[in-house]
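Here the protein sequences come in this chain order: A and B. Under my numbering, the first residue of the first sequence carries the number 6, and numbering increases by one thereafter. Under my numbering, the first residue of the second sequence carries the number 3, and numbering increases by one thereafter.
By construction, these hints were calculated from the structure, which means they are not laboratory data. Hints are supplied without guarantee of correctness; some may be wrong.
Label pairs and their in silico Cβ distance ranges [claimed, not checked]: (1) Thr216/A to Glu154/B: 18 to 26 Å; (2) Glu243/A to Glu52/B: 38 to 46 Å; (3) Asp249/B to Glu240/A: 46 to 54 Å; (4) Arg241/B to Leu193/A: 24 to 32 Å; (5) Gly31/B to Pro314/A: 51 to 59 Å; (6) Ala92/B to Lys146/A: 46 to 54 Å.
Even glycine gets a Cβ: it sits at the ideal position worked out from N, Cα and C.
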Amino acid sequence: MTEHVTESTIEYKDVWIFVEQESGQINPVAFELLGEGRRLADDLGQKLAAVILGEAIDKLAGDIFARGADKVIIVDDPVLKDYRTYPYCAALVELSEKYHPQVLLMGATILGRDLASAVATEMRTGLTADCTELGIDPETKLLTQTRPAFGGNVMATILCKQVRPQMSTVRPRVFKLPPADCDRAGELINETMALSEDEVPTKVLEFTAHTSHSNVEIETADVIVAGGRGLGGEEGFELLKKLADALGGEVAASRPPVEMGWVTSDRQIGQTGKTVRPKLYVAVGISGAVQHAVGMQGSDIIVAINKDPEAPIFKLATYGIVGNLFEVVPALIEALAGVVRTSGDLSCETVENDG
Amino acid sequence: MNIVVCVKQVPDTTQVRIHAETNTLIREGIPSIVNPYDVHAVEAAVAVKESVGGHVTAITMGPPQAREALKETISLGADDAVLISDRAFAGSDTLATGYILSEAIRKLHGESPIDLIICGKQSIDGDTAQVGPGIAQRLGFTQLTYVIKIREIDVPARRIVVERQLERGHQVVEGQLPALLTVVKEMNEVRYAPLPNLIKAAKYEPRLFDLESLGLDRSLIGLKGSPTTVRRIFAPAPRAGGEIIADGSKTAAEAAALLIEKLQAEKLL
Numbered sequence: 006m007t008e009h010v011t012e013s014t015i016e017y018k019d020v021w022i023f024v025e026q027e028s029g030q031i032n033p034v035a036f037e038l039l040g041e042g043r044r045l046a047d048d049l050g051q052k053l054a055a056v057i058l059g060e061a062i063d064k065l066a067g068d069i070f071a072r073g074a075d076k077v078i079i080v081d082d083p084v085l086k087d088y089r090t091y092p093y094c095a096a097l098v099e100l101s102e103k104y105h106p107q108v109l110l111m112g113a114t115i116l117g118r119d120l121a122s123a124v125a126t127e128m129r130t131g132l133t134a135d136c137t138e139l140g141i142d143p144e145t146k147l148l149t150q151t152r153p154a155f156g157g158n159v160m161a162t163i164l165c166k167q168v169r170p171q172m173s174t175v176r177p178r179v180f181k182l183p184p185a186d187c188d189r190a191g192e193l194i195n196e197t198m199a200l201s202e203d204e205v206p207t208k209v210l211e212f213t214a215h216t217s218h219s220n221v222e223i224e225t226a227d228v229i230v231a232g233g234r235g236l237g238g239e240e241g242f243e244l245l246k247k248l249a250d251a252l253g254g255e256v257a258a259s260r261p262p263v264e265m266g267w268v269t270s271d272r273q274i275g276q277t278g279k280t281v282r283p284k285l286y287v288a289v290g291i292s293g294a295v296q297h298a299v300g301m302q303g304s305d306i307i308v309a310i311n312k313d314p315e316a317p318i319f320k321l322a323t324y325g326i327v328g329n330l331f332e333v334v335p336a337l338i339e340a341l342a343g344v345v346r347t348s349g350d351l352s353c354e355t356v357e358n359d360g
Numbered sequence: 003m004n005i006v007v008c009v010k011q012v013p014d015t016t017q018v019r020i021h022a023e024t025n026t027l028i029r030e031g032i033p034s035i036v037n038p039y040d041v042h043a044v045e046a047a048v049a050v051k052e053s054v055g056g057h058v059t060a061i062t063m064g065p066p067q068a069r070e071a072l073k074e075t076i077s078l079g080a081d082d083a084v085l086i087s088d089r090a091f092a093g094s095d096t097l098a099t100g101y102i103l104s105e106a107i108r109k110l111h112g113e114s115p116i117d118l119i120i121c122g123k124q125s126i127d128g129d130t131a132q133v134g135p136g137i138a139q140r141l142g143f144t145q146l147t148y149v150i151k152i153r154e155i156d157v158p159a160r161r162i163v164v165e166r167q168l169e170r171g172h173q174v175v176e177g178q179l180p181a182l183l184t185v186v187k188e189m190n191e192v193r194y195a196p197l198p199n200l201i202k203a204a205k206y207e208p209r210l211f212d213l214e215s216l217g218l219d220r221s222l223i224g225l226k227g228s229p230t231t232v233r234r235i236f237a238p239a240p241r242a243g244g245e246i247i248a249d250g251s252k253t254a255a256e257a258a259a260l261l262i263e264k265l266q267a268e269k270l271l
């Protein structure tokens, strides 16, 4: 591949979103990015385009227009059927060098993190990972990319002044899902790929989904009850499960319980775990160190239960209870048993009851 | 098999605190450690060597004290180590760092061809997970990230089969050698270093690669070679005030009742 060079004579324009899909299912992070991308494109006075790669994916364009894209570029090719670094990187770089986007955003999913740096390196451009905030500087029109650093202890705002495209990745659920306007239409561009299967150095042999007991989609739960070191062991998590059940939520954890094997790593929330934004996050026996906070501080309501009144979690909590969790949690479980739950309580629509 | 492991010396960010008044990082007294994921990478490399034979070289880009991190890799079983260090490297972002590391590996490759590079999935200070893939791209190595297990290595057939830890399950991928792997913690358990390794590590002096010995293009390193720049650093904004609804003076039952009242008011129950 010829060395990519950002030339000052080329006009770079438009905000691009890489739309991640698997087996014809668009990852919701792409929609979240389209929502944010719309705002950025409007601030720039430019268009919002989406790039989607795969096989048999042409029917997905409608959903992408619905979430705000002005253009959708599709590359539909058997070599793109399963995600692999080589062909996806080649396709994205080729498209980028043809169309010259100003900005290229991707979800910071495992796929996105595998792909983003490969693409950025090929294009010798700047990439900022895990951005929690994006903006357009009114004077310079540069993309301002803000992200946590040092394990979340500080925030840094990064710029990519000269090279294009300016690339960022964003974790799922950092931005809100935009509404879908199903009547929206836009420009559909079909592009092709001249890459043969023989040129690709990897093959996907098999995929084994997690079994249901360990496959926990805590990221999409409306209620999360998370435990920390204070739980003391597996039995503590059994207690937490009862609370989670009573609240209709999922069990999660900070890093120490995962390291100690009290709970599986797919339930870990924080800097080296998952990011969640549930409606209700109950932190039990969690000190609230920044490495954990970065994974849950976007929750709507945070409840903290901890025996240490100085624990940093209380600075994050909407409601804090200082006390012994082994007394408070059982009391809560008991009290919840007597509570009449309203139907559809955690959804946006209110249900009208007849008589 | 000739294996290179990339490691980074990082501050133990779990111990980093923000100064309450000045909102700056308190870095004094924070121990430097080998990036935890990189320790698993060394362990993985040593395991490959024990399985198919070969040689493990650990490399790190850092200031002079990063040689302590390299000594630790020797105690974990690496055969030798290279410190890549030069004042001119300071201020490098991930693109420039990837350039420097890949040139160092290219130099080693020229001495003896490299079959496998193993990195940790990310560093705990930068948290970008960008350098590993950057090196793979520059060197044309097959990129395999989030590796939780090496199932098979067939050196004559130039083939490696790995298991990758994805969000919803495990994926098995076959790739051509030479390859670059980034590994997750669940890859292995790090063993205690046996005494002979500790003795070797204590006396070990790594090779040094600097700007001159690598023949690097100055415009591609340091601040000059970094397309990204930090405009500003600031303390994260605190969440808008909450309330302690029950301190030690209330009973558990009272606290529970109060909380339920609040949650009902928030329409969460």
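Here's how the hints hold up against the structure:
no.: 1; hint: Thr216/A to Glu154/B: 18 to 26 Å; in the structure: holds (24 Å)
no.: 2; hint: Glu243/A to Glu52/B: 38 to 46 Å; in the structure: holds (39 Å)
no.: 3; hint: Asp249/B to Glu240/A: 46 to 54 Å; in the structure: violated (27 Å)
no.: 4; hint: Arg241/B to Leu193/A: 24 to 32 Å; in the structure: violated (43 Å)
no.: 5; hint: Gly31/B to Pro314/A: 51 to 59 Å; in the structure: violated (26 Å)
no.: 6; hint: Ala92/B to Lys146/A: 46 to 54 Å; in the structure: violated (30 Å)
The structure does not agree with the numbered hints 3, 4, 5 and 6 stated previously, though it agrees with the rest.
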